[in-house]
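Starting from the given sequences, assemble the full structure and let the hints guide the process.
Residue numbers (the working numbering), protein chains in the order written: chain E, 1 to 207; chain G, 1 to 118.
Honestly, the hints are just simulated from the structure, not real lab data.
All residues carry an ideal CB built from backbone N, CA and C; glycine is no exception.
Just so you know, not all the hints are guaranteed correct.
Unchecked claim - If we take Cβ atoms under 10 Å as the criterion, some of the chain G residues that face chain E in the derived model are:
id: 1; residue: Asp2
id: 2; residue: Ala3
id: 3; residue: Asp5
id: 4; residue: Val7
id: 5; residue: Ala55
id: 6; residue: Val79
Said to hold, decoys possible - No more than 20 Å apart at the CA atoms, straight line, and that leaves these computed lysine to aspartate or glutamate pairs for EDC-like:
id: 7; chain 1: E; residue 1: Lys198; chain 2: G; residue 2: Asp2
id: 8; chain 1: E; residue 1: Lys206; chain 2: E; residue 2: Asp88
id: 9; chain 1: G; residue 1: Lys85; chain 2: G; residue 2: Glu112
id: 10; chain 1: E; residue 1: Lys180; chain 2: G; residue 2: Glu9
id: 11; chain 1: G; residue 1: Lys85; chain 2: G; residue 2: Glu71
id: 12; chain 1: E; residue 1: Lys180; chain 2: E; residue 2: Glu99
id: 13; chain 1: E; residue 1: Lys191; chain 2: G; residue 2: Glu9
id: 14; chain 1: G; residue 1: Lys37; chain 2: E; residue 2: Glu20
id: 15; chain 1: E; residue 1: Lys207; chain 2: E; residue 2: Asp105
id: 16; chain 1: G; residue 1: Lys63; chain 2: G; residue 2: Glu102
id: 17; chain 1: E; residue 1: Lys38; chain 2: E; residue 2: Glu98
id: 18; chain 1: E; residue 1: Lys174; chain 2: E; residue 2: Glu28
id: 19; chain 1: E; residue 1: Lys206; chain 2: E; residue 2: Asp105
id: 20; chain 1: E; residue 1: Lys180; chain 2: G; residue 2: Glu13
id: 21; chain 1: G; residue 1: Lys14; chain 2: E; residue 2: Glu20
id: 22; chain 1: E; residue 1: Lys180; chain 2: G; residue 2: Asp5
id: 23; chain 1: E; residue 1: Lys185; chain 2: G; residue 2: Glu9
id: 24; chain 1: E; residue 1: Lys180; chain 2: E; residue 2: Glu98
id: 25; chain 1: E; residue 1: Lys185; chain 2: G; residue 2: Asp2
id: 26; chain 1: E; residue 1: Lys185; chain 2: G; residue 2: Glu13
id: 27; chain 1: E; residue 1: Lys198; chain 2: G; residue 2: Asp5
id: 28; chain 1: E; residue 1: Lys180; chain 2: G; residue 2: Asp2
id: 29; chain 1: G; residue 1: Lys14; chain 2: E; residue 2: Glu17
id: 30; chain 1: E; residue 1: Lys191; chain 2: G; residue 2: Asp5
id: 31; chain 1: E; residue 1: Lys206; chain 2: E; residue 2: Glu98
id: 32; chain 1: E; residue 1: Lys185; chain 2: G; residue 2: Asp5
id: 33; chain 1: G; residue 1: Lys37; chain 2: E; residue 2: Glu17
id: 34; chain 1: E; residue 1: Lys191; chain 2: G; residue 2: Glu13
id: 35; chain 1: G; residue 1: Lys109; chain 2: G; residue 2: Glu71
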Amino acid sequence: MNGIIGRKIGMTSIFNEFGEYVACTVVEAGPNVVSQIKSEDVDGYSAFQLAYDAAKSKNTSKALKGHLEKAGTGPKRTIREFRDFNLDKSLGDEVRVEEVFAEGDKVSAIGVTKGKGFQGVVKRHGFGGVGQATHGQHNRQRHPGSIGAGSDPSKVFKGMRMAGRTGGNRVKVKNLRIVKILPEKNLLLIKGALPGHKGAFVMIEKK
Amino acid sequence: MDAIDYVREQLVEKRQWSDFKPGDNVVVSYRIVEGDKQRIQDFRGDVIQMSGHGANRTFTVRKMSSGVGVERIFPLNSVHIDGIKVLKRGKVRRAKLFYLRELVGKKAKIKERTQLRN
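Shown next as structure tokens:
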């Protein structure tokens, strides 16, 4: 699956060819460097490892620097793997956004969602909250309600949806569409929203 | 933000209209595409707000349609806008005329600006 590592910049809206006003996410995509090529014989599967975003040397471990040196490139902030990459590239080559995608392509985006901290069940699981706000009820509008029966089964079942840490999950958003590519600035415009905050890394995979 | 400004600059074509402000009475000719046919619909009303800036600027037009207030938001750079004609210059003291929503009849009328301010 061909793809590229990018960085979410933010959102804007543009007019498409039908004159519709389309909300898009702007992604700074690459250029990435091929840092390792995994093959069926050696690694058991075929994949391309790409590296993106120059990092400071002092913030990069010696192990990682050594690994990237093999590809003839400097320290990088992020490294991701793409299985069954079928562009004709060799170790150390640059992968540019216009080589991977064309306008109108269907893509998926993988990223880490914004962390929301400890949240209640209404936000976390979409519960409706308890009952009414009137008729004497006064202090449990956003509570989970009952979490099970009494003496039988005498326990709370595993997996019961409760309050807790929300967000910060790795998610994949499928069936997104590329609206525009601006190769001169390595920018990619994708219709709709992408996971994560501004500046977050996202993997864009071609379907 | 620089990249976003760049995208807007590259991809949103800025359109030039005759200058209008909140309070003005305008006719917006809006092109409607139905299948392969096109027609132009006029929307006449008072501009009650301009918001956003640069490529993302929009304006809101309010009109009374058989006793019911109707508001429409147009992107200033929309390719579907065929033309904007200013019929009256309004004399107003604020940039957002939301107070008009609560008013009916003669009170909801905007006084015309006879002398154009420079």
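Practice task
Would you pick out the hints that fail for this structure and give their numbers low to high?
Solution key: 17
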